[in-house]
Amino acid sequence: MSKITDTLRQYRADGYFAEFDYHWTMAIDLDQCTGCGACVVACQAENNLPIVGEKRMRQGREMKWLRVERYWEGDYPDARLSFIPILCQQCDKAPCEIACPVFATYHNQDGLNAQVYNRCIGTRTCAVYCPYEVRFFNWFTYTWDEPLEQQLNPDVTVREKGVMEKCTFCVQRINRAKDLARDEGRRVADGEVQPACAQSCPTDAIVFGDRNDTDSAVSRKMRDPRAYEVLKELNTAPSVVYLKNAREPLHAADGGGHHDGANAQAAEPRAAAAEPRMVEAESAVT
Amino acid sequence: MVSRRDIFKYAAGGGVGVGVGLLLGEVNQRPLETLLSTHIPPEDFSPGIDTWYNTLCRMCPAGCGISVKVREGRAKKIEGNASHPVSRGGACALGQASLNALYNPDRLRSPMRADGEGGFIPASWDEAFDELSARLGALQAAGMGRRVWVLTGGALGSGEEALSRFSEALGANLLRLALDTTANEQAAAKAIYGFEGLPHYDIASADLVVSFGADFLGSWRSPIAYAKAYGEFRQGANGRRGHLAQIEPRMSLTGANADEWLPARPGTEGALALALAAEMLRRGRGGEDVANWGGLSGAMSLAGAAEQADIPLARVEALAERLAAAETPLVLGGGAAGAGTRGAAALSAVAALNRVLGAPGGTVRPNLGHAASYASVPDIEAFASQAASGNVSLVLLAGVDPAHDLPDSLGIRRALERAELVVSLDSFINDSASQADWVLATDSFLETWGDDISSPGAGSLTVTLQQPVQERLFDTLSITDIVLRLAARLGGAVAQALPHADAQAFTRAEWARVWQSLGLNGDFNERFRLAQQNGVWDAPLAEGMADTISPEVPPPPAAPGSEFAGGESEYPFVLHPFVTQGFREGQGANLPWIQELPDPLTSVVYGSWAEVNPATAEQLGLGMGDLVEIESPAGKLSVPVVVHPGVRPDVIAMPLGHGHRGNGRYAKGRGANAASLLAAQSDSATGALAWAATRVALKALGKRGRLTRTGGLSRTLGRQILGPGGEH
Amino acid sequence: MPRRQEWELTLSISVFEAARPVFTGLIVAAMVVVGAFVGHWAHGAWLNDHTPVQPIEFSHEVHAGENEIPCQYCHAWADRSASAGVPSVETCVGCHKGLAEVRDRPEIEKLFGYWERGEGIPWVKVHDTPDFVHFRHKPHIRAGVECQTCHGPVEAMARVTRRVDINEDLRMPWCIDCHTEEQVANGRDCLTCHY
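Protein chains in written order, with this note's numbering: chain A, 1 to 286; chain B, 287 to 1014; chain C, 1015 to 1209.
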């Protein structure tokens, strides 16, 4: 056990992953993200995510490795909506990794937070520990109505009942790119690997690459002053970096708030009260 | 102590155990699998390796180039074609989900004929062609081709060319149908820019975009091309961040991303645009080309327009300030703003504002003079009245579902009931096909040949080639194949007009014809082969071929407010139907990935809803998910409400594309069809359907509706999820 | 106190005698269970069908052994794909068209039967990994691993069999041992094979 805890302690030290070949990182520019959902469908297509059906959706059994969260701000007519795509943050100091009793989730040498389906015994502890709510448990063995199963991606395992799953940063694509690079005896070039979400993004809001390469597009994005990490205070050291939306604050916009001005703070409880009977189906609670 | 007899017993037990173990081993064996073996491998066949084919997405008329990943002969994933000038590697949710249509469990696997009891039974192609050619032949011989009506959509490819040649040779009527057409925008471009077709808008180089109702990030025209441009507009290489103002009564996806959202009263957008144009002229922004407009003295004052639009004057003045100061401004108009009874005038006012700002030639450029000419409301009504008087013998529905997508008030469903024979060419028993006598099962667009003129192209002709990425899954044919085979059977003028063997031959012949007509030289075969490789043919146009902007045009007409069906006292709310990227007018409803994709603004899945302002909801005692009855002069339906602040208090917004009567397990019976509420209103200038000009009344039904939403809280509650220092 | 001991002894014997059928039953049951494990193991070791009957009695011994056709002549994708692939009927017929001397043998007749009917041959998989393992041929060929290392001496097999003595029934420790011994880069990372 001590060897395991030593390993855990080791990679919680700052800079540990800089020693490795690749440190896959994603940057999402919220100023470019339009919330259209193309990435969500791309992920579903690439990673064999099940079609869970309306009944399961109502029960909060959504299985979307990537979701677009949306947040309202202000009140009519000075209302504003913001989008943020949330996926597994591939934390370097991942709370889920400490939780798993069988080490079915661990950190690999590329900075990826791995989930090993055949090792997982389904305790669901990791999902409880995850502050981003991006782990999904297979309560059922989902099936595809014939012939929809012919679409399934042969490069990705179809998960069955009793297994936890989550975003892999499209590791099958990473493996393929590394394989091609190996053929030519070189490193994976910047931009050579594109997870399905980044590839499909119609506004190029998602950038993916190796953080250890300081010239990579993602490293440049990380140096942007707008860059931040979601729930940074939890010290999880995520590998997903967000770039803050560059819109002017809502009430600094020209014309100002032309209604009674007491909006921002007062609006919060009122808006919450507007949806009192809303089913609080936290999508990721498994 | 242990007797011999016991020893025997133990041994027997062991023996039985071994036997059981052997049996279990036999039962537990890994099932034998067979390897993938081919007879003659298709070209490019390589097990375990992805093969990518470039082709065309046909889920909407934008004409994006896509790349399809194929493994072991099956399409697995759709991505944008990176070398395509429209999609540039991007793909929207609907395009990617079109795989669900290809592999849909409810897709038709052979031609179907009605059994007379509301059901359908499989039939053979020979039976279908025998009956259809006999009927058509008889009509043709009797000189009654006019009694045949061909109903199709608004794409521009050679498949549509085949259809129109077919109906021309037959003497039949052809109607191009869509709820949201480009007719008003074409009329405005003609009037104000002086060219035919649709303009190309250069969002990427604009520093200010003011959009009157055009949801260009969601569903308007070419969302992927515009989204790519928007990405550059926001965080482009030029280091400048553009400002986006969205003027619309209900916040669209574009409105949600805008820097400012101005909820104008429906139908007043034109007057506001014209007032802004007059203001710009007053501030001296207009050039020589608008000198003859007399300063647009007929326009309203800014204050008047602001009051009419119910937007604070300060905000309109601030917008005017921004417009006057902008270097490369761009004004867009579309969606509901161009779909009132004065839609064409409103869009002309928007174009006039562009013209005053000097956008034409810069951020607004002429496109190739090629845009679909859609059927107007009088055209559709003519069809309905012909059918009512028993003069319609045969209706050919070529890939359209007007019984769902268009308002009932236009009478299409009744017309289909009255027609003698209705033949639907579709992959599903959709709402219209369920009224048909024959449903001829069509290919997915991933299984056949064709092309489309992609919009928006600027200064060049962008034709995207559609080619099969895999063999047909079922016993199906493409619409073009069906038309060509019918033509061959009919003989005579029809066969002469369409002598080609199949869709592949026809597409190739069409390309050769266009190649010649453009006077291009070089090896056509080589060019076609390249197009098969790249998926696109982006031909620069010779000098003088592209349309140009007229140096001088007459001033725009006044832009009076839209007129609404239904009295204000009886129907206190304006219905704002909107098109979403996933569902469009109904095309996405049978795709499970689209049904499960949460709506970006409301995160609703599996079903439709009506959006209500919190103040209105409070007044009517409505909460999230409560069922309401919405009644218009044309119809009524019930639907759950979503309460959110992105909609005006005097407006009820509803997504289009839901509420199918058929169309397979994922679409059938989900949500309510907003189009069924629309009155048969039309634009006073173009006759285009005014789909945003109906008033409704709202009645709480006192019970919960079936509203499924995903996600958690709709406010950040100070968690700084959207970045440090609060929300933006 | 001997009497009492005797009494105790008598009692214990009588209890044992009374319980005798139960004990025998239990031991028999235990023997059945042990036997079942032995039987199951024996089935896996000796009786498991590692040598499935193929639709055509194709002999690797003749093709790869006597005629020395290289493996990748037919399994052409092994060096560039995850799967090695089986040859198309066209490939088989391509050679056999010119081999008139064996044309009338019954197994060759079967081959031409598939060819004329336009069908693929449903070859049965001999070596298989579970669906959560993404074994890829390409990196192994690149690293110079001989086909025989995993597949055994196929060139000496009339009908291909999975040699458990060579590959431990394709179980994971066997993979890991080799990856460790050969110091494969990231060879012990789960994500190398499981994703």
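Hints are supplied without guarantee of correctness; some may be wrong.
Claimed, not checked - Coverage of chain A stretches by chain C, computed from C-beta distances (three or more under 8 Å per stretch; other residues unrestricted): (1) 116–122; (2) 158–171; (3) 177–191.
If you are wondering where the hints come from, they were derived from the structure by calculation, not from laboratory data.
Glycine included, every Cβ here is placed at the ideal spot set by N, Cα and C.
Exercise. Okay, which hints does this one fail, numbers in order?
Worked result: As far as the earlier hints go, not one is violated by this structure.
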